[in-house]
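Protein chains: 2
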Amino acid sequence: MINNIKTIGIVGGGQLGKMMILDAKRLGFRIAVLDPAKDCPCHAISDEHIVKGFDDLDGYLELAKKSDVITYEFEHINVAHLEELVKRGHTIYPSVASLKVIQDKLWQKEALSKAGIAVPKFEAAKNIDDLYAYYDRTQKPFFLKSRRDGYDGKGNYMVRDRADIAKGYERLIGKGAKQDTSDRLMIEELAHFEKEVSVIATRGQDGECVIYPIAENVHKNSILDTTVVPAAVSKKIVGKIMDIAKQVMECFGGVGTFCAELFVNEKRGEVMVNEVAPRVHNTGHYTIEAVRTSQFENHIRAIAGLGLGSTEMVVGASIMKNIIGGDGQDGVVAYTGIEQAYKISGVNVHIYGKNEVKEGRKMGHMTMTGKSVKDVWGKLDKVNVETTVRSKNG
Amino acid sequence: MINNIKTIGIVGGGQLGKMMILDAKRLGFRIAVLDPAKDCPCHAISDEHIVKGFDDLDGYLELAKKSDVITYEFEHINVAHLEELVKRGHTIYPSVASLKVIQDKLWQKEALSKAGIAVPKFEAAKNIDDLYAYYDRTQKPFFLKSRRDGYDGKGNYMVRDRADIAKGYERLIGKGAKQDTSDRLMIEELAHFEKEVSVIATRGQDGECVIYPIAENVHKNSILDTTVVPAAVSKKIVGKIMDIAKQVMECFGGVGTFCAELFVNEKRGEVMVNEVAPRVHNTGHYTIEAVRTSQFENHIRAIAGLGLGSTEMVVGASIMKNIIGGDGQDGVVAYTGIEQAYKISGVNVHIYGKNEVKEGRKMGHMTMTGKSVKDVWGKLDKVNVETTVRSKNG
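Protein sequence lines, in the order shown, are assigned to chains H and E. Residue numbering for the first sequence follows numbering that gives the first Met the number 0, beginning at 0 and increasing consecutively. Residue numbering for the second sequence follows numbering that gives the first Met the number 0, beginning at 0 and increasing consecutively.
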């Protein structure tokens, strides 16, 4: 509808896709989604839903046929199939070349490092002997990481001592693995940091780059729990992070919204990139209510070749809290606390529309906005939206 | 999903419904829509679309069956069918009783008048003789209005002199009408005013009422062209309008978002209600970008029994400009000027997704936001999004 782009194709039908679509629809775009789940969060708000698996080339071809530009809402997708689409002349943002590098944590860190961006020390590990050799050399605990497909802490194992190495190797590779593991693992030092923060940036097709206010993140069980904005870091660190955000976008030639998760060590004045995601990000959900233009709208504007919107905050502070499936939960979901939440001014509840709750599954989030971080924490103290199991599976 | 309400049913699938749905989806609701047009703006973003006419009781019954609460996005719907739903125990907001009164401009003015709210002088006209009698008595031009189904100036006729009466009567009733016209027409004095403004208010099920900043409206060919917020009226007038907004909501016992269009005469310090709409309104579109909580979100929160959000502005000023089908346009639509519009910070373009443009048809709107009204007019000077016909019909 807008300029020469009528339909946006999205690989993945989860909550990130849903929030993209809600902004894309205001702008007048048609939407096609590829996702194997019939009842995924994007299903009801898409013009077309291709119900095919993420490893099925036919699904990608069908999506491409219906779309003027293709994007994705998660990064663990079949790059070979995307490359096939590029070969056939389809347009994909962010670029498949950068996705391919980012998908592999080793290649990602190598690219960042090469671009002069600080990252924790890392090296490849081709086999278990490399792990023993690293430990014997350094005598220090380290992170053992799967190079691919990790999320929410899955694929990471903290090796505390020499005896942990075999356990970690088995956890990430599988018991008595016979296959070649030479491109599957990497080693990363344990970085010393006080704060985990993230920065969202969007880059247009013309190279215009906008950067969002820095978010401070707290994880529970390796899953994001809360994001506080603005992050409590010094001006000097803010400046460093803004520079890093630009460097990251240029390093990957990103078009669209990206997120860089960072470790901050104020004492040493150090900032290191932990991970880059070539997509809209959970730590940027606060931008829907708290910023003039959300990370989702700017993503759509970027991939459609439109100018980008202001990333200025419209409130003093904001906290985002995830609504996550509780211990042992497995079944049809219900929610408690929503009515109470809406009694407090400056609270918004987002429910993604997933039918079933599972332990650790992201089911929704709340965004609190107000004058100051203290003010917003006060609001969060009064709200408690939780999942419950309405009826069990099986 | 939220509290005991899972699915919201909407009568009407146009742009007002679409903007309601985009906010309702964030909150996690399922959506069912009743609209005879297969490709209406709500189609692609609804969980269920019942493609049936607005006079077909079956459609209403099907909608009710799928919905936990029912609302509507335009007011010219079949009240008898809605009454049937109420009889069968379904919940409809705003109430059918108030809709019934508001649908009839005579009854609406009588209700407002009875509640002590100032309106232009009016009276019923049972036949053409009543019109002649009125003119002979007053010797003044007047508005001849259809009591029902008018919108965008349709159904209104300005009688300038005695000779105009027969013309106006024929225009509104039809040539040589034989049917009983005794409940179809009303007379209204020409009010003296300097400004047309409107005020949007939302009332919750518990009586909580929030009122939006006052909007100043300019019509072209009886169709809304621009809305400027804040309206340039004195503090005294603002106070009067806020009082009127509350009175209107209480007069109709409204639950949901309503709009009152008003005439302002600053010299006399007078405010009169021109018309009330029991729904979200074109003059409230600016609330999406310019206000903390949009008129659409608050409507959904009200009908779902949730607390209402702040109506505080997040910018200094805003102008909304409609994108309307131009002279003689009739065919498949395309747009010009969108890329240019997005180059200017603080401009948002909404495209409703209607396939065909017709002269006078509302196809989209732009919202400009900035520090001051002057600043925002400056932005509007630089943007010009227009419809064109891509291919003709027929």
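Careful: at least some of the hints might be erroneous.
Identical chains share a label here; the pair holds if one copy fits it or two copies do between them.
[What the hints assert, rightly or not] Below, simulated SDA-like cross-link-like pairs (lysine to any residue); rule was C-alpha separation at most 20 angstroms, straight line:
#1 219 with 371
#2 5 with 354
#3 219 with 325
#4 342 with 172
#5 166 with 361
#6 5 with 387
#7 342 with 208
#8 5 with 390
#9 120 with 312
#10 342 with 4
#11 37 with 106
#12 342 with 204
#13 5 with 42
#14 370 with 315
#15 370 with 312
#16 361 with 390
#17 125 with 206
#18 174 with 330
#19 378 with 310
#20 370 with 392
#21 342 with 206
#22 381 with 306
#23 139 with 381
#24 99 with 60
#25 5 with 43
#26 37 with 164
#27 51 with 82
In short, the hints are calculated from the structure, not lab data.
Okay, the hints, checked on the actual structure:
| no. | hint | result |
| --- | --- | --- |
| 1 | 219 with 371 | neither (24 angstroms within a copy, 44 angstroms between copies) |
| 2 | 5 with 354 | between (30 angstroms within a copy, 12 angstroms between copies) |
| 3 | 219 with 325 | within (12 angstroms within a copy, 56 angstroms between copies) |
| 4 | 342 with 172 | neither (49 angstroms within a copy, 50 angstroms between copies) |
| 5 | 166 with 361 | neither (28 angstroms within a copy, 65 angstroms between copies) |
| 6 | 5 with 387 | between (40 angstroms within a copy, 16 angstroms between copies) |
| 7 | 342 with 208 | between (38 angstroms within a copy, 13 angstroms between copies) |
| 8 | 5 with 390 | between (41 angstroms within a copy, 16 angstroms between copies) |
| 9 | 120 with 312 | neither (35 angstroms within a copy, 48 angstroms between copies) |
| 10 | 342 with 4 | between (41 angstroms within a copy, 17 angstroms between copies) |
| 11 | 37 with 106 | neither (34 angstroms within a copy, 49 angstroms between copies) |
| 12 | 342 with 204 | between (42 angstroms within a copy, 13 angstroms between copies) |
| 13 | 5 with 42 | both (19 angstroms within a copy, 16 angstroms between copies) |
| 14 | 370 with 315 | both (4 angstroms within a copy, 17 angstroms between copies) |
| 15 | 370 with 312 | both (11 angstroms within a copy, 14 angstroms between copies) |
| 16 | 361 with 390 | within (18 angstroms within a copy, 46 angstroms between copies) |
| 17 | 125 with 206 | neither (38 angstroms within a copy, 67 angstroms between copies) |
| 18 | 174 with 330 | neither (30 angstroms within a copy, 65 angstroms between copies) |
| 19 | 378 with 310 | between (24 angstroms within a copy, 18 angstroms between copies) |
| 20 | 370 with 392 | neither (43 angstroms within a copy, 54 angstroms between copies) |
| 21 | 342 with 206 | between (43 angstroms within a copy, 14 angstroms between copies) |
| 22 | 381 with 306 | between (39 angstroms within a copy, 14 angstroms between copies) |
| 23 | 139 with 381 | neither (43 angstroms within a copy, 62 angstroms between copies) |
| 24 | 99 with 60 | within (19 angstroms within a copy, 52 angstroms between copies) |
| 25 | 5 with 43 | both (19 angstroms within a copy, 14 angstroms between copies) |
| 26 | 37 with 164 | neither (41 angstroms within a copy, 61 angstroms between copies) |
| 27 | 51 with 82 | within (18 angstroms within a copy, 44 angstroms between copies) |
Checked against the numbered hints given earlier, the structure breaks hints 1, 4, 5, 9, 11, 17, 18, 20, 23, 26 and satisfies all the rest.
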